[in-house]
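Taken in order, these protein sequences are the chains called A and B. For the first sequence, position 261 matches number 261 in UniProt numbering, and the numbering has no gaps at all. For the second sequence, position 113 matches number 113 in UniProt numbering, and the numbering has no gaps at all.
Certain hints may be false.
The calculated label-pair distances, taken between Cβ atoms and stated as ranges, are [as the list claims (entries may be wrong)]:
hint, chain 1, residue 1, chain 2, residue 2, range
1, B, ALA14, A, ALA200, 32 to 40 Å
2, B, GLY67, A, LEU320, 14 to 22 Å
3, B, ASP30, A, ARG344, 40 to 48 Å
4, B, ARG16, A, ASP30, 55 to 63 Å
5, A, GLY263, B, SER5, 52 to 60 Å
6, B, PRO52, A, ASP19, 23 to 31 Å
7, B, ALA211, A, ALA79, 43 to 51 Å
8, A, LEU320, B, ARG65, 24 to 32 Å
So these bits of chain A aren't anywhere near chain B, every CB distance computed over 10 Å [claimed, not checked]:
hint, residue
9, ALA10
10, ASP12
11, PRO24
12, HIS152
13, VAL159
14, THR177
15, ARG318
16, ARG324
No wet-lab data here; the hints were simulated from the structure. Just so it is clear, CB atoms sit at the ideal spot from N, CA and C, and this is done for glycine as well.
2 protein chains.
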Amino acid sequence: MSADSLQTVAIDLADRSYDILIGPGLLSDDRHFDGLPKAATAVIVTNETVAPLYAQRLKDRIASRYGQVRVIALKDGEAYKDWASLNLIFDDLLGAACDRKTVLFALGGGVVGDITGFAAACYMRGVPFVQVPTTLLAQVDSSVGGKTAINHPLGKNMVGAFYQPLRVLADLDTLDTLPDRELAAGLAEVIKYGPIADDAFLGWLEDNLDALWARDKAALAYAVKRSCEIKAWVVGQDERESGLRAILNFGHTFGHAIEAGLGYGEWLHGEGVGCGMVMAADLSVRLGLIDAAYADRLTRLIERAKLPVHGPALGADRYLELMRVDKKSEGGEIRFVVIDAPGRASVRPAPDEMVRAVLAAHSG
Amino acid sequence: MSADSLQTVAIDLADRSYDILIGPGLLSDDRHFDGLPKAATAVIVTNETVAPLYAQRLKDRIASRYGQVRVIALKDGEAYKDWASLNLIFDDLLGAACDRKTVLFALGGGVVGDITGFAAACYMRGVPFVQVPTTLLAQVDSSVGGKTAINHPLGKNMVGAFYQPLRVLADLDTLDTLPDRELAAGLAEVIKYGPIADDAFLGWLEDNLDALWARDKAALAYAVKRSCEIKAWVVGQDERESGLRAILNFGHTFGHAIEAGLGYGEWLHGEGVGCGMVMAADLSVRLGLIDAAYADRLTRLIERAKLPVHGPALGADRYLELMRVDKKSEGGEIRFVVIDAPGRASVRPAPDEMVRAVLAAHSG
């Protein structure tokens, strides 16, 4: 790749600042690894799907910086984002006598990123890690914000930490091997940034969805960059998720309930978010915040992105129960991210009967 | 208690600053809980030994601040500082739909404090917690520094986080029920502060050891306060343990090897540290840093504190292997905290043959 096709988003977090590099060919050029700390050992944590595709390529890039490069390939899927997988990493690190300078590389999607980030946060109370996201969702969502976690049988992402990577390398070439269903799931998180923060970006997405579907690198680069910029702007004002940052969870309250209700892994996270955005937009209409035409416009874009717009028949009681245990609820009150106006969102409660009406219209 | 018998050590960590309150009667006076955040739920994490002694007393103090106060009594002992206990806490919190404002109270010794602190660090990526240490070791050691962790079969404290409490309440009355063996274990960490940071404090301890053994509240208050002050001074300069802070591990490299080699729980942590200090002092002599008379003086004080000064017969190879996997080792090189001069310590490597000579003299 030529140097000028490389995009960079700088994440400013004082002594934990880092860069997100976005572009094709990142895993084919040693220079993008310059400046990472040297150590006796690096450990690439990946999964069984991604390992045969990209583990060797990454290993080749970093072999000169580390005496030993280990590869841990976890089983693929949200169902494996659990204690057992986390312990596999700890067992390997301790079995190989890895010290606290060991650098972890998360090579894969959001599951690999979240679990590797959490392992890095906890191993010996913190070792450095680098993110190499290979899905669109991970490139736009996990790259910014420092959220790491594993799931618990009673809730998603319930055990985790805020922990920042040293660098994020979003190689757009890795999206060439991404299944369509996962590309769609990533688009859900991209689309999200329109209604909550940038109405013009929603328009851009309507114009460029076909190019994104064709995996056009320039279109992808802009979508990833703009998503990371918006997320960084939001997170920069609220690193620990006390207020504003919660708007990033647009569609997630309903979405998490769908994921948990079906059992993790049945729907992809982005699919839950896509459908959840339809529900949250409808809730916004019912709360009198936006007109139905805007919710319809958003729903059409979500449909064009080949995402589900109708939720499974869990029953309204079960949806409400699952949303109440969500970690964004407070004292049993569910807090929904709603659209206040095109490009602006806030967090607020809603009457149960209104939520039931939304669920009746968009699930079952 | 009268207000003026209350000692306070202020820990200055910007937005994570907190106070350590030290004195008798803290668990009998609501005022010491003023200013803690209110929430729907508080959870007291304790163990089966401490629960019948103090859980109700703590519950009575905080019942007015929380709609619900839950008590989780873990099994007692270092052997239970593991994933299974940590998950018991998460299971309980999620089963009760505890939200991210839930306040955890760690009521017990170092094991309870470490595991509760780590649970607080991870639950929903961080909930507030308060330490109520009921052992001398926990009062002087866990009160400052924000270290939380659980053990792994391959190493002690290998999985954890740096996470600060909202407040520490060190009620000296709780030491009245502390077994002698555990009082001695706590004295090991108190004694440590003399050789590494305050030679005058070593003299004070030689003069006041009998009063400490008699659990004299004034003597205990000074010993706890001075220990916390010294630790805070060290940690304040090096919160994340990159350099100076490592001197707090005086005696710990050998001590951890003893604990791990025998299986956690056989020796108390403080017993390992006591014996480990004897070994580390001898190593300092062999490195030509201090004279043998100072090491003898320290050994006599450790003996007077009824701590072991001779390690188990693990064999030198096993000691070295265990110390190499210790998280303070780097690239397989063991780093020892040694005394440079009375009241001053540093971290350095030592030749294997010298370590073997120390082990030959003080173990087996």
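Here is how each hint holds up against the structure:
{"no.": "1", "hint": "B:ALA14 to A:ALA200: 32 to 40 Å", "result": "38 Å, holds"}
{"no.": "2", "hint": "B:GLY67 to A:LEU320: 14 to 22 Å", "result": "20 Å, holds"}
{"no.": "3", "hint": "B:ASP30 to A:ARG344: 40 to 48 Å", "result": "45 Å, holds"}
{"no.": "4", "hint": "B:ARG16 to A:ASP30: 55 to 63 Å", "result": "39 Å, violated"}
{"no.": "5", "hint": "A:GLY263 to B:SER5: 52 to 60 Å", "result": "57 Å, holds"}
{"no.": "6", "hint": "B:PRO52 to A:ASP19: 23 to 31 Å", "result": "55 Å, violated"}
{"no.": "7", "hint": "B:ALA211 to A:ALA79: 43 to 51 Å", "result": "59 Å, violated"}
{"no.": "8", "hint": "A:LEU320 to B:ARG65: 24 to 32 Å", "result": "28 Å, holds"}
{"no.": "9", "hint": "ALA10", "result": "23 Å, holds"}
{"no.": "10", "hint": "ASP12", "result": "18 Å, holds"}
{"no.": "11", "hint": "PRO24", "result": "33 Å, holds"}
{"no.": "12", "hint": "HIS152", "result": "6 Å, violated"}
{"no.": "13", "hint": "VAL159", "result": "5 Å, violated"}
{"no.": "14", "hint": "THR177", "result": "31 Å, holds"}
{"no.": "15", "hint": "ARG318", "result": "15 Å, holds"}
{"no.": "16", "hint": "ARG324", "result": "6 Å, violated"}
Checked against the numbered hints above, the structure violates hints 4, 6, 7, 12, 13 and 16; every other hint is satisfied.
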